[in-house]
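Protein chains: 4
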Amino acid sequence: MIKVGIVGGTGYTGVELLRLLAGHPSARVTAVTSRKEAGMKVADLFPSLRGRIDLAFSTPDEARLQDCDVVFFATPNGIAMNEARELLAAGVRVVDLAADYRIQDVAEWAKWYGMEHGSPDLVAQAVYGLPEVNREVIRGARLVANPGCYPTAVQLGFLPLIEAGAVDLSNLIADCKSGVSGAGRKAEVGALLAEAGDSFKAYGVAGHRHLPEIRQGLGRAAGQPVGLTFVPHLTPMIRGIHATLYARLKTDLDVQALFERRYEGEHFVDVLPAGSHPETRSVRGANVCRIAVHRPQGGDTVVVLSVIDNLVKGAAGQAVQNMNLMFAQPERAGLDIVPLLP
Amino acid sequence: MIKVGIVGGTGYTGVELLRLLAGHPSARVTAVTSRKEAGMKVADLFPSLRGRIDLAFSTPDEARLQDCDVVFFATPNGIAMNEARELLAAGVRVVDLAADYRIQDVAEWAKWYGMEHGSPDLVAQAVYGLPEVNREVIRGARLVANPGCYPTAVQLGFLPLIEAGAVDLSNLIADCKSGVSGAGRKAEVGALLAEAGDSFKAYGVAGHRHLPEIRQGLGRAAGQPVGLTFVPHLTPMIRGIHATLYARLKTDLDVQALFERRYEGEHFVDVLPAGSHPETRSVRGANVCRIAVHRPQGGDTVVVLSVIDNLVKGAAGQAVQNMNLMFAQPERAGLDIVPLLP
Amino acid sequence: MIKVGIVGGTGYTGVELLRLLAGHPSARVTAVTSRKEAGMKVADLFPSLRGRIDLAFSTPDEARLQDCDVVFFATPNGIAMNEARELLAAGVRVVDLAADYRIQDVAEWAKWYGMEHGSPDLVAQAVYGLPEVNREVIRGARLVANPGCYPTAVQLGFLPLIEAGAVDLSNLIADCKSGVSGAGRKAEVGALLAEAGDSFKAYGVAGHRHLPEIRQGLGRAAGQPVGLTFVPHLTPMIRGIHATLYARLKTDLDVQALFERRYEGEHFVDVLPAGSHPETRSVRGANVCRIAVHRPQGGDTVVVLSVIDNLVKGAAGQAVQNMNLMFAQPERAGLDIVPLLP
Amino acid sequence: MIKVGIVGGTGYTGVELLRLLAGHPSARVTAVTSRKEAGMKVADLFPSLRGRIDLAFSTPDEARLQDCDVVFFATPNGIAMNEARELLAAGVRVVDLAADYRIQDVAEWAKWYGMEHGSPDLVAQAVYGLPEVNREVIRGARLVANPGCYPTAVQLGFLPLIEAGAVDLSNLIADCKSGVSGAGRKAEVGALLAEAGDSFKAYGVAGHRHLPEIRQGLGRAAGQPVGLTFVPHLTPMIRGIHATLYARLKTDLDVQALFERRYEGEHFVDVLPAGSHPETRSVRGANVCRIAVHRPQGGDTVVVLSVIDNLVKGAAGQAVQNMNLMFAQPERAGLDIVPLLP
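Residue numbers (the working numbering), protein chains in the order written: chain R, 1 to 342; chain B, 1 to 342; chain E, 1 to 342; chain A, 1 to 342.
What the hints contain is simulated information worked out from the structure, not anything from laboratory work. Because the structure is a prediction, the values reported are computed rather than measured. Treat the hints loosely; a few may be bogus.
In this list, chains with the same sequence are indistinguishable; a pair is considered to hold if it fits within one copy or across any two.
Computed cross-link-like contacts, SDA-like style, restricted to lysine to any residue with a CA-CA straight-line distance of at most 25 Å [stated by the list, open to error]: (1) Lys-250 x Arg-28; (2) Lys-36 x His-277; (3) Lys-186 x Met-115; (4) Lys-186 x Glu-37; (5) Lys-41 x Asp-270; (6) Lys-111 x Thr-301; (7) Lys-41 x Ser-119; (8) Lys-250 x Ala-183; (9) Lys-250 x Gly-227; (10) Lys-36 x Ser-276; (11) Lys-41 x Gln-216; (12) Lys-186 x His-277; (13) Lys-3 x Asn-171; (14) Lys-36 x Thr-251; (15) Lys-111 x His-277; (16) Lys-111 x Gly-23; (17) Lys-111 x Gln-297; (18) Lys-36 x Tyr-203; (19) Lys-250 x Gly-91; (20) Lys-41 x Glu-163; (21) Lys-41 x Arg-142; (22) Lys-36 x Lys-186; (23) Lys-41 x Ser-276; (24) Lys-3 x Gly-51; (25) Lys-186 x Ala-107; (26) Lys-41 x Gly-204; (27) Lys-41 x Asp-54; (28) Lys-250 x Asp-168.
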């Protein structure tokens, strides 16, 4: 049994980790920390876990995280960068679901996240936890930077085209739509049902923190910097990301075959038949990215539609997938969940 | 392995049965019928099942249902009453998720459902599939009438009070709220998002088909007819039923203790701590009924709050629970699903 | 032109007052206060008002409210009770959309609202602003207590029955459902779209602040105290209240005729034809209460369905209706808005 | 008083025309036709109109449309092309809210709409009813083709850039999101709340009927054909379109100033301050297009955000605006509605 600790268990990625790990055949959560809710039963905050998770939230001191095999940071940005070192030194593996270790260029990170990095030396050791790109490295990783939700959907959608050298790298467009759970379980006026319900808007057009992360990932695949315009939008739904990606083909190409080949054998990436339009609900609650690829009117613009559940393949599910790799478990362990539809 | 056939697999109870049975350790779906979609892959209609259900819809003739161990009717009312007999004769067990076998009084049934009953003799043999009431009889049943969604939530909420003789039976009120999936996957203007979204209304106040079913169940528990007012409402959400039940206490009573005692050991009924307000999302996707009981201002009116997922404990999940009982499987087999929250 | 001041213009009742008054033929808003947003253009906070409201938020000092003809308090509870006196002394009329002046029993008020009342002597002078009950008194009022949203829907639904002495007063039940805008424009986790969306729950079953207000109103109509159980619920929609009311008839009675007679000539109460089920969207954005009355199966339980827009007839619209009465304007001035459907 | 007839009053553009015309100072609806609902009171189908519209639906024969001053076709495609001629011959002006007269190239129209055109000669006479482009021609028009919802949002967003010759015309991208009312009031499984709720998807990526209409409009402005990729998406909300538009600048340019200049004096196009993100709810129920323009990171990609209410500026409101122009009324008559927020 893998002993699992969760730091910061009161947010949506925390409760989602608990949901997934409650059904994991070879992992057991032994501690969930929250300074604010210490002493409260986890299932009192999240009644969906009644009868499934008997733990109470504990303070970091009580939690004895150094006795865990792996610790997930389901915290705001800026926590793991200060707390991971001690755990790593104690031999604990760490998966950070926040952004602290995602960007290799520490100065760039500091600019976008508005703080100095607390452990720049660890950044270099961190492995970017996108298994469909980094599977083998993840197996040996001690510190995994779990990708952001938008970056997961966008990278999985663009990678086949970029790796094949098929598109103009100077003009990639990612028009992305997210459900409101992506904003976290924080009291903010803009995320109220009375504000975000029955309405739609873009945000962060001038620049969103996931932009450098996506650029880094696509740039690695391309072997050179890419020109990317990324526009996120807030959609009146709870879970789900839909990325609509646009690129110009440089040569004529069977894009459907390209995608099918790239993701052959990938259990968590599902390339839909030609002509499909994936719905976000088709992945609700499941660790899957479904992708369709189009060339409208047979032109040279390729349109990729990529959907994930932002809390699963975009956060907690991918974190469990990474854990499975790090601990030589079947990659699907605990993740064989059928999406909830309707 | 229990060989399972599903008649009418294109509706919400059908796809929900498929979701649950895809993860069942000792059952396997061998046929899903649909006259209209025969030949189409199930996963083409419901992409959430891609990689999990490889069957295509078949016509009833092709489906060889008589080779199944159990057949679920996930059909409109009026189908199972004509098709169950042949299956039963072939030794197949039948669970009807529609209403054909729920009401013992065939004349009453005909009045509410607007058709003559096709197999009144089978009605008498049918077992009402509410395990928390009929568990032992279900184990031996060949034909199970799976309860309606409202009747499940309302009966589980009222039963402790009625069985204890604690309330005035002449004036029970069930004010119930349902998500729109309760209306089924049918093209109807009233269920459009543009009609039912961001709005709330009652319907069927003059009389709803679930009224006689609830009355029958409560009357059995009481040993006498009960006076019940039942008002269903349509709520702008997809899944979930919230029953708010009102009754007058005849004697002073610790209602919290009464409910906890009644449902002690019941895995799928969760009595919440005193003072709780269950949310429908706390059971989303799971085979659970969560109940809270209140006496506002300590008066003699008792208020019971009872929530289920209408497609799970209110339909497909309860059907699987019944199947487990009928085939001597652990009652929880395939049903250990953590609710999806948020 | 009636010169109008609004204290606390950043909440939903504030922006709704601005929407309604922007189209009022004989009123003009001259000041909107907000300590927090002072200096900001109102239309920068609420872009729906661009081109319609040119004011900026001002501090109370700058606002010169004493120069207004009427001041609306669209503030939290506990503000108007301290600030109304000075305005009244200056000859300004006051309409409080919060609860400070709604309950005549000041001790009862203090118990439910958790604070001492700041101006108990003014409570006695305040007129309860439900025009369908108090129209003539409101015309002469200097201080109007605008009713709560639930109390408006519940009182208008019960009054015909109570005034006619037709029902058992000991056992009235009000099962009420509200959209989330009723909770105000406050950053609270429970009102997030990711929390309150696609889910349904009761709240405040043990006791809600609107209970004593409703009891007071019904008790006045009855000439004696009434026994009322009031259960509010949170519905995943933005605007709207649906009250489902239950009472026992003492005598046989044509309830449809009773309601039609009671509200004949009332422009803002619409009694629907027998058999109707009003939807909340049928009053979206409009100052109307639509009511249907049923006797299921012809029994002695009467079921009243009463819907309003909580921000209009349940708050800002009713406040404008009261202002029209106080200033001898046509009662419908500024309120001839067709509901927005779909 | 302008006498107005509406053909096909049972859909969403029909009820929206009725809402707007109910408050129009110089127009009066004298007939609303529906073959299916003939004889039914309009307000029985749409209770939001109770007390505001006293008409019953009539058959086309009863309706005496030739006595109207103007007839709106709020019908499916393919009706107005056969019925407009007779009305025009009788001197009635016609505004078609469907697509019959929008595309000047009749063969192209036939290809996209899947039918032969019934009155190709009238197409040439029809004026495309986008007042911000064609105002003067509309004043004299006898037959107006009211623009589609997507085309309105997209054209108003792209026009300033194209008219100024500022962008690469070969690679325009319009990523558009619509509420479900855009699909009309038709019983279709895909538009059910249980299907389209809490989910997001693209549709029609291979080609959508609004593509040739947008291309025609942009091509006219450019004086040459344009290369446009148009991807529509279905959003879980009722009203609203959000167009996110991408183009490459050919020269450095103050895009904010360009847009402000282009729409100076246009009452129904609101250019937001630099840095803004318009929400669809900011135009809910109102005849306004709000636009923001961005150059992320100061690059050469310009991003335009354009929002409308699809039923108002995208349909019925624009139709009334056109009527006002055709009958020399103030362009804003009947359209001074403050958006409903929240």
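Structure-based check of each hint:
In this homomeric assembly, Lys-250 and Arg-28 never come within 25 Å of each other (Cα to Cα): the closest approach is 49 Å inside a single copy and 48 Å across copies. Taking the closest pair of Cα atoms, Lys-36 and His-277 come within 25 Å of each other only across two copies (23 Å); inside a single copy the shortest separation is 43 Å, beyond that limit. Proximity of Lys-186 to Met-115 under the C-alpha cut-off of 25 Å is restricted to the intra-copy arrangement: shortest distance 20 Å within a copy versus 29 Å between copies. In the homo-oligomer, the alpha carbons of Lys-186 and Glu-37 lie at most 25 Å apart both inside one protomer (14 Å) and across protomers (22 Å), since each shortest distance falls under that limit.
Taking the closest pair of Cα atoms, Lys-41 and Asp-270 come within 25 Å of each other only across two copies (16 Å); inside a single copy the shortest separation is 38 Å, beyond that limit. Taking the closest pair of Cα atoms, Lys-111 and Thr-301 come within 25 Å of each other only across two copies (22 Å); inside a single copy the shortest separation is 33 Å, beyond that limit. In this assembly of identical chains, the alpha carbons of Lys-41 and Ser-119 never lie at most 25 Å apart, being 33 Å within a copy and 43 Å across copies at closest. For the homomeric pair Lys-250 and Ala-183, neither the shortest alpha-carbon distance inside one copy (37 Å) nor that between copies (36 Å) is at most 25 Å.
For the identical chains of this complex, Lys-250 and Gly-227 are neighbours both inside a copy (15 Å) and across copies (16 Å), given an alpha-carbon limit of 25 Å. In this homomeric assembly, Lys-36 and Ser-276 come within 25 Å of each other (Cα to Cα) only across copies, at 21 Å, whereas the closest approach inside a single copy is 46 Å. In this assembly of identical chains, Lys-41 and Gln-216 lie within 25 Å of each other by CA distance neither inside one copy nor across copies; the values are 40 Å within and 40 Å between. Taking the shortest alpha-carbon separations for Lys-186 and His-277, only the inter-copy value of 21 Å comes in at or below 25 Å, while the best intra-copy value is 32 Å.
Taking the shortest alpha-carbon separations for Lys-3 and Asn-171, neither the intra-copy value of 45 Å nor the inter-copy value of 53 Å comes in at or below 25 Å. When the C-alpha separation of Lys-36 and Thr-251 is checked against a cutoff of 25 Å, the pair qualifies neither within a copy, at 56 Å, nor between copies, at 42 Å. In this assembly of identical chains, the alpha carbons of Lys-111 and His-277 lie at most 25 Å apart only when taken from different copies (23 Å versus 37 Å within one copy). For the identical chains of this complex, Lys-111 and Gly-23 are neighbours neither inside a copy (39 Å) nor across copies (46 Å), given an alpha-carbon limit of 25 Å.
In this homomeric assembly, Lys-111 and Gln-297 come within 25 Å of each other (Cα to Cα) only across copies, at 14 Å, whereas the closest approach inside a single copy is 41 Å. Proximity of Lys-36 to Tyr-203 under the C-alpha cut-off of 25 Å is restricted to the inter-copy arrangement: shortest distance 24 Å between copies versus 30 Å within a copy. Within a single copy, Lys-250 and Gly-91 get their C-alpha atoms no closer than 48 Å, and across copies no closer than 56 Å, so neither meets the 25 Å cut-off. Taking CA atoms no more than 25 Å apart as the test, Lys-41 paired with Glu-163 passes in neither setting, with 47 Å inside one copy and 33 Å between copies.
For the homomeric pair Lys-41 and Arg-142, neither the shortest alpha-carbon distance inside one copy (30 Å) nor that between copies (43 Å) is at most 25 Å. Taking the closest pair of Cα atoms, Lys-36 and Lys-186 come within 25 Å of each other both inside a single copy (13 Å) and across two copies (21 Å). Taking identical chains as interchangeable, the C-alpha atoms of Lys-41 and Ser-276 lie at most 25 Å apart only when they sit on different chains, with a minimum of 15 Å there against 44 Å within one chain. Proximity of Lys-3 to Gly-51 under the C-alpha cut-off of 25 Å is restricted to the intra-copy arrangement: shortest distance 20 Å within a copy versus 30 Å between copies.
Within a single copy, Lys-186 and Ala-107 get their C-alpha atoms no closer than 28 Å, and across copies no closer than 37 Å, so neither meets the 25 Å cut-off. Proximity of Lys-41 and Gly-204 under a CA criterion of 25 Å is satisfied inter-copy only: 22 Å between copies versus 37 Å inside one chain copy. In this homomeric assembly, Lys-41 and Asp-54 come within 25 Å of each other (Cα to Cα) only inside a single copy, at 7 Å, whereas the closest approach across copies is 41 Å. In this assembly of identical chains, Lys-250 and Asp-168 lie within 25 Å of each other by CA distance both inside one copy and across copies; the values are 6 Å within and 18 Å between.
The earlier numbered hints that this structure contradicts are 1, 7, 8, 11, 13, 14, 16, 19, 20, 21 and 25.
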